[in-house]
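Enquirer: Now for the letters of each chain:
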Amino acid sequence: MLDKTIKSLQKWYDGADKRMLFTVSLVLLILSSGFLYYNMGRERGEKEAGEWFLKGLTLRGGNQLTADIPEGMDINVRRLERQFADAGVETQIRESRSPTARRLEVRTGIDVTENEILDILRDSGVEVEDYTFNHVNPSLAEGFWRQSRLALIAAFIFMGIVVFFVFRDFIPFIAIIYAVSMDMIVVLALMQVFQIPLSLASFAGLLLVIGYSVDSDVVLVTRVMKRRKGTVSERTFSAMKTSMGMTITTLSALAVLYIATTAQALREVASVLIIALAIDFISTWFGNASIIRWWVER
Amino acid sequence: MIDTVKSLMDEWRVWILIVALALSMFALFSNPFASGVVVTNIEEGSPFMGRIQEGDRVISINEVPIDSPTDLMEFENYEGTMNVQTSEELVIVQADGTGLGLIVDEARMVNLDLGMDLIGGTRVLLEPQFEEGLNETEKNELLDKTITALRTRLNVFGLEEMEFETLGNDYIQIEAAGVGRDVVRELLERTGEFEAYIPREISFNNDTEAEFTLGGETHTITRQNGDFYYGDTLLQENETFEVVVRETHIGVEDMEITFETWNITDDSVVIAGKIYDSEDIRHVYKSGRDAYVTQDRDTGLHEFRFRVLISNEGAERFAVLTEGHEDSMIHLFMDRDPVTELGIQRGLIGDVVNEPMITGTRETREEAREEMSRLQSVLDSGRLPVELERVQLDSISPRLGEEMIFSSIVAGLGAIIVVTAIIFFIYRKKEIMAPVLITSFSEVVIILGVASIINWTIDLPAIAGIIAAVGSSVDHQIVITSETLREGKDDSKYSTKRRIKRAFFIVFTAAATTIMAMTVLGFVGIGMMRGFAITTIIGVLAGVLITRPVYGKILEKVL
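Protein chains in written order, with the numbering used here: chain A, 1 to 298; chain B, 1 to 559.
Heads up, some of the hints might be wrong.
What the hints assert, rightly or not - Chain A side only, calculated, beta carbon under 10 Å to chain B, not exhaustive:
hint : residue
1    : G109
2    : L207
3    : T247
Unchecked claim - Simulated pairs of lysine-lysine, PhoX-like, Cα-Cα distance not exceeding 20 Å:
hint : chain 1 : residue 1 : chain 2 : residue 2
4    : A       : K226      : B       : K497
5    : A       : K226      : A       : K241
6    : A       : K4        : B       : K429
7    : B       : K501      : A       : K226
8    : A       : K241      : A       : K229
9    : A       : K241      : B       : K429
What the hints assert, rightly or not - Covered stretches of chain B, as calculated for chain A (at least 3 residues, CB under 8 Å):
hint : stretch
10   : 360-369
11   : 440-446
12   : 527-533
The hints are simulated quantities; they were obtained by calculation from the structure and are not laboratory data. Treat the numbers as computed from the prediction; the structure is a model and nothing was measured. In this text, a Cβ means the ideal position worked out from N, Cα and C, and glycines have one as well.
Build the full structure now, drawing on both the sequences and the hints.
Expert: This is the structure we're talking about:
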């Protein structure tokens, strides 16, 4: 069954127009950029209008109280938010679930103390015993945000240098840069869609995306350009099979991580990478591969 | 199977892996039965000083096994010779019954430091608010002093143990494992206001006026309808009033002294003149000839002495307040709480003393030492040299932390098992499962082993890094597998060696990119994600240099 699916996939991929495949990736890239731009102008959840990305506590600043919700207790997030508003405290409240626990996350500005949050919760009938409290000063968060952007740019440049040094050729270099940039932009756009905040953790995920993304690109470029055996499309497809194996295994490992862990930081890393791997498949085999095939066959 | 293992044993790469694994396991499980207690600190004057090192384990004393700090406490006041078996050697220690001076921790089975986000506790990041124009050396000195002052507060207030760390000259980080946020808040918010007073009891003997002298000048307190007045000021308990001494015996004019009314009875008042506060304590000597403990030959008591440098104003107030009052006592207060009372040497009465010696006696040397360091801390813990702004606070409930460790282990094991199953499904070769498992687990063990050797704390980001490293390891195993399998049958032109070499070209390129990206990450967010970066880098390096070559070799043999 599997072999048959792969066979038909290969047939379709061989027959498909390279320009068409490339256009698909380009359209996705443009749509994502457009969405990011459109999204920037809007206020959305905790993201203010004028900001490009939804940012988590570490990059935005504020206070956050996280507590387990006792079993059997029903919590109406909207009502709770209203109760905080009545007390003059602006909050964003979220309920998150994992197989082992239900969590309540209350986020406020930095001028609200943890005791005030606990008091309002208690008044609303939510008794919290054990909790985690985080406080990040907005000025510090601003510094983190600046560093994060710089780091992403630096990592990108280093990646470019490595790739250029390894292939010493302009077209593969451009193709890989195209694929990696596309991964980044589409992932950032999808993070806005799924409301995954940029945080130091999800940011670490984004940096790893560069690594994973280059993985598949390098497999492709090496197979297609450094081999002489078989036709270009055979070589491309063999690289694709390898890459598919990589994607599927990594995806499943990340899915296990996402489901099993209760740590928000790990979930953020996992979800960023899951999205990225899915996108990477398109960027590599529709984008990068089309450029490389066109160039080798020309 | 046996032949395969035998032929693998001829490979030097396999031996490197075996050695790396053995070293890692040894580093991680150097104490498999968690015996003994780990010495975290040896106090000054401890009989163990110079005998054992911090980090050593005490396993038994006089053949009695020591398995917990409580076991060690049994020997706290032991007098005589002790045969102490440590993790290093057998040492003989002479104890004088005044305490062992050891601070110990329970030994752990796994030699790994777990981060605060996994075991619970509080972490605070403070940003010092420096004045403009300080250079880096000056900032550094101020930060060092600030940390010393904070440590002193810990001692004085008897707070739980915390770790202080400077991050460049930009931040101070305080980490307190297993400690609630209130303790850290107390540490930062209690400024520790020190004050010293010399009280005077003024009796009226049923008169309406009573006199007292300050630096030779006479002042008067009057009584009207049962109330006492200094000039026009009504004296009330715990209220202060200012006294100006026009001419003093030391030649200073118009000296202002703050008095506080302590006690009012029908026929007397006790007023206390403030001689010093935190501002007046310029330096507290801590060592050498200026701070020590001696034993009196006759009484056998232990006496501590230490010198303090006082501001001129403070020294002058001392002279004026003690002049003509040989029985003066100095009362020390910390945050309005009485700390102790000190007598004054006869020879110093009425003198301007800039460097008084503070002395006291105790029954044992240990007690004398303790009292000395307590007093030193009190005198020293004025305001912090630099104002600190709290910029980040994380306080993690120990239970949530525990849950995270558990769920991370489940996630890690689950991921490896699922991935192995999928690889089997893709390649349909059961021979491949063992190498995949060996490679993945080896990498985890080596990452943890290296973390243990370099004393790297495993926190949540570090766990994410381990998972990322294993993820990319699996990717590379697939690259190696497919390169090996792909041209295996019909293309004899390429030797297996060459094919694997080509696979490693891909692996190295990808590894180089990942290492670059992670190095960058190490510098972001004052190193908050450094754990992620470090474990990923260790994992990728271990993978590229040690485990993945072996994976390639095993594939060569089994496929």
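Enquirer: Confirm or reject each hint.
Expert: Taking the hints in turn, this is what the structure says about them:
1. For A/G109, the interface hint is violated, the least distance from its beta-carbon to any beta-carbon of chain B being 14 Å, above 10 Å.
2. Annotation: interface hint on A/L207 holds; nearest CB of chain B at approximately 4 Å, less than 10 Å.
3. The beta carbon of A/T247 is positioned within 10 Å of a beta carbon in chain B (closest approach about 9 Å), and the interface hint is therefore held.
4. At most 20 Å may separate the alpha-carbon atoms for a hinted pair to count; A/K226 and B/K497 meet this at roughly 17 Å.
5. Straight-line distance between C-alpha atoms of A/K226 and A/K241 comes to about 17 Å, which keeps the hinted pair within the 20 Å bound.
6. Proposed proximity of A/K4 and B/K429 is supported: the alpha carbons are some 19 Å apart, at most 20 Å.
7. Simply put, B/K501 and A/K226 have alpha-carbon atoms about 13 Å apart, close enough for the 20 Å limit, and the pair holds.
8. A hinted pair counts as satisfied when its Cα atoms are at most 20 Å apart, and A/K241 with A/K229 qualifies at roughly 17 Å.
9. A hinted pair counts as satisfied when its Cα atoms are at most 20 Å apart, and A/K241 with B/K429 qualifies at roughly 16 Å.
10. With a threshold of 8 Å between beta carbons, the proposed coverage of the stretch 360-369 of chain B by chain A is violated, since 0 of its residues qualify and at least three are required.
11. Check on the stretch 440-446 of chain B: 0 of its residues sit with their Cβ under 8 Å from a Cβ of chain A, so the three-residue criterion for coverage is violated.
12. Three residues within the 8 Å Cβ limit are the bar, and the stretch 527-533 of chain B against chain A gives 4, so the coverage statement holds.
Hint compliance for this structure: hints 1, 10, 11 are broken, all remaining hints hold.
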